[in-house]
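Q: One letter stands for each residue in the lines below.
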Amino acid sequence: AQKVTQAQTEISVVEKEDVTLDCVYETRDTTYYLFWYKQPPSGELVFLIRRNSFDEQNEISGRYSWNFQKSTSSFNFTITASQVVDSAVYFCALSEVGVNNNDMRFGAGTRLTVKP
Amino acid sequence: DTGVSQNPRHKITKRGQNVTFRCDPISEHNRLYWYRQTLGQGPEFLTYFQNEAQLEKSRLLSDRFSAERPKGSFSTLEIQRTEQGDSAMYLCASSGGTLNTEAFFGQGTRLTVV
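Here the protein sequences come in this chain order: X and H. Each residue of the first sequence is one higher than the one before, starting from 1 at the first, in the working numbering. Each residue of the second sequence is one higher than the one before, starting from 1 at the first, in the working numbering.
Isolated chain X (complex conformation) (with noise of 0.2 Å):
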């Protein structure tokens, strides 16, 4: 069965901070994929980024970089120089590769506060 695990729920950070978002997942498939959601208090679940398991070429958009680590079924989102429009929660997803496995797999989110 898939999990994903966001263990902390809260981080609050002054802005111009830098600051890194845990996600640990577990599958027993060997093809699967992984997301970032980002979701403001307006409510709607805004994409981030998609990467699969054969990729683990860490990514940089911006301030945002991603460090997926297969060794330990990691996959961390750290925001640099955070700023106040930063301010969401944010979640990571699973998905496993499969003629039935189309549904994604939230962790239970991270609320970041970005303070000015």
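Rather than coming from a laboratory, the hints here were simulated on the basis of the structure. Mixed in with the good hints, there may be bad ones.
[To be verified] Selected chain H positions facing chain X (in silico; Cβ < 10 Å):
no.	residue
1	Gly42
2	Tyr48
3	Met89
4	Arg110
Keep in mind that this is a model prediction, so the values were computed, not measured. Don't be surprised by glycine CBs; every beta carbon is placed ideally from N, CA and C.
Since the structure of chain X is provided, determine the placement of chain H on it from the hints.
A: Just chain H, lined up with the frame of chain X:
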């Protein structure tokens, strides 16, 4: 592109009543998902359609819940004989292209059962 649209945004109903929610996916997306999210939790998968075919249903989806996507476009989620435990945000998402691509979510329908 108007994104995924859900109606209504909010619904308050008395226990025992039936409610129906609608989701209009992104027009070219053939896959449509329903999720439920309660306070402080991540979205929980309910059901999934590929075109008009309902291919997966979660064990969370009791007999009181039914979803349809009659023409492979919009979808409805009906809850019969609502219970207070049904109070949650109901999220719809759609995706296209190959399997396991990212899903795009609507703003959700918040259901309150009183």
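Q: Hint by hint, say whether it matches the structure.
A: Results of checking the hints against the structure:
no.	hint	verdict
1	Gly42	holds (3 Å)
2	Tyr48	holds (5 Å)
3	Met89	holds (7 Å)
4	Arg110	holds (8 Å)
Violated hints: none; the structure is consistent with every hint.
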